[in-house]
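One letter stands for each residue in the lines below.
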Amino acid sequence: MDAMAMGNYGMYVWSCFGITLAVILISDVRARLRHKQVYREIEVRIKALEERK
Amino acid sequence: MWKWFHKLASPPHFYRLAATLIPWLAVPGLMLIAYGAYAGLFVAPEDYQQGDAFRIIYVHVPSAYLSMMAYMFMAFGGAIGLIWRMKLAHAVGAAAAPIGAAFTFLALVTGSIWGRPMWGTWWEWGDPRLTSELILLFLYFGYMALRSSIDDTAKADKASAVLALVGVVNVVIVHYSVEWWSSLHQGQTLFKEGGPAMDASMLYPLLAMILGFTLVFGALLARRIRTEVLYRERRTRWVREMILSPEGGK
Amino acid sequence: MTAKLSGSDLTLIRGERCLFEGLSFALEPGQLLLLEGENGSGKTSLMRAIAMLLSLESGEICWNGEPVLSQRQEYHGALVWLAHRTGLKGDLTLVENLRFENALRPQNRIDIDEVLSRLGIGRLKSLPVRSLSAGQQRRVALARMLLADVPLWLLDEPFTNLDRNGRLLVMQLVEEHLDGGGLCVMAAHQDVSVDALVKRVSL
Amino acid sequence: MVAGLVAVTRRDLLLAWKRPGDVLNPLFFFAMVCTLFPLAVGPSPEQLTFSGPGVLWVAALLAALLSLNSLFLGDHEDGSLDQLLVSAQPLPMLVLGKTLAHWLTSGLPLVLISPVLALTYRMPGNVMGVLMLTLLLGTICLSLLGSIGAALTVGLNRGTALLGLLILPLAMPVLLLGANTVSLAAGNEMYTTGVWALAAYAVAAISLAPYATAAALRISNE
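Chains as they are written, first to last, in the working numbering: chain A, 1 to 53; chain B, 1001 to 1250; chain C, 2001 to 2203; chain D, 3001 to 3222.
Don't take each hint at face value.
[Said to hold, decoys possible] Keeping only pairs whose Cα atoms sit at most 30 Å apart, straight-line, the calculated BS3-like set for lysine-lysine is:
{"id": "1", "chain 1": "B", "residue 1": "Lys1155", "chain 2": "A", "residue 2": "Lys36"}
{"id": "2", "chain 1": "B", "residue 1": "Lys1155", "chain 2": "B", "residue 2": "Lys1087"}
{"id": "3", "chain 1": "D", "residue 1": "Lys3018", "chain 2": "C", "residue 2": "Lys2125"}
{"id": "4", "chain 1": "A", "residue 1": "Lys47", "chain 2": "B", "residue 2": "Lys1155"}
{"id": "5", "chain 1": "A", "residue 1": "Lys47", "chain 2": "B", "residue 2": "Lys1087"}
{"id": "6", "chain 1": "B", "residue 1": "Lys1007", "chain 2": "A", "residue 2": "Lys36"}
The set of hints was computed from the structure by calculation and includes no laboratory data.
Please take these sequences and the hints and turn them into a complete structure.
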């Protein structure tokens, strides 16, 4: 369907939208991983303290 | 009003509030972006001069707008953190930086891809907006480099807050001096003076995209703030109770 | 005016460790506050907090009943800070260093030579400070303290690098300062015998 | 009020007098960078006259940056920074004094020797005058901006790279205004707007930067 061709600028337009989607997804995934990592670090330390009590 | 602000500013309260806030920001944001992208790509007529290439505006303008807004968050978060010594405000500043850098990078990439068909080169120094955006990216890298080179979180917060405040003054100066500079040399710009002639069917998708991007930015920011708050409060009682409680505070 | 230094419910967290919590003290003219504790117990941090070089997690320090945060210039004008590092410029001579200190306190009028001879470093006048021994440099820092002529002395480990009569000299100077109605906060390892009221804070 | 500023400036100038190396190194660096360019790009006269203002300005910016790292480092290491922070004199004044001493020993010499290097770039006399004027105002701005960066990074011993990353984005408007004003003058067009802008930037920097530097010093010296 020629609408996708974007008047032969298709490559430019779709790459821009693709990169945008990618950057947003990557930012979200990295944010989630970072939160899990920080949470786990704290959890390990607190649980270790609990055992010692 | 002050009591509300104080309640919101209390870390445990904010930590739980942000968790519920994220879906309320992310879902409408993504829906707006879906509508905006579809309308912008297929519904809106093509620009009489740039043809379909102008559709890149629907991702370029929101990213450029957010790259500025994120820096404002960093500067205001830093100012509030320094003046009222609020850890939460510093957490906002720390959380906004990587997201702001991501959107600045996005604005630069989409801008240079858009420029390729228009100017025939990937980078046109003559375009004042792109050049200012590049300098803004360096400001972000400087902020993040300073923050990562200081181990003590409290000191890193205060030092980067000062840098963000100095930086925000300079963002304005950079903008105008680069405009003056590009007026000396006849560089082509992406926009005609008032921007591409926008009739309603072109404008609505852009507004939707900007609002959608802002909501998604809010969701990303809220998630990162939660992490920053959790890290700064890691020794407090409420964090210990939360983590030891059966359902935890994921 | 009865100069008075007090700290209420002071808490300081450095990185992971909470150095002290809910610490309070009060100091009247003529009294010595002795901070005791091994290395790394937070003595220096408490001293730096008292000198407003370090911001506390919570709690408040008052000078003459008013919080120091609201009168930074007056408070700093009333104290002198003697730290591990002497704070002197190695390239400059002893006199140039002290003259710089005097220029920062234009109102004082104590004669440099009299202080130098008192501390036994009169003949080292024209030598660059870096060529002096650690003990001599410590005496130059003590000279700065005497020249400052201020009510509050903050001494962090004043005895380091000093020989026996150096330490005696410091004790004598502190005693004279306290007799004259001055206040002194000192962090030290070994015990200090002074015929004035000594309050102790152990960290 | 001013007693603190005068005292610190005099002490730092005395220090610089006793260590001439610290003053000369940035000048040699400036001269070397200016000679690198023709070697790299070739000696053709039009090329040099065209790019002269830009090269001289970039070299001056880098030379100024080089000497900034040691602005507070020496004081931090020997403990005299503590004494400044505990002094009764207002800290912004003391910091302004240090920045003034730094400018007198790094910025001003750059301005004075820039005509010599401008000669090698076949720069006519009047353009040289504009170059010195813009460098004079520009180095003032750079010293003040750089003092903020130096204060932020004093305790981190990360070297000039971090300082450069912090300060260069802030210094870009100064470079941009300065270099283009000189090239406007070279093309004998109207260049006064750039000079006024630089002067305005310098005045703003003099009145605001010391407060930011003082705050940054208190934070990084904790």
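Which numbered hints does this structure break? When the structure is compared with the hints, none of them turns out to be violated.
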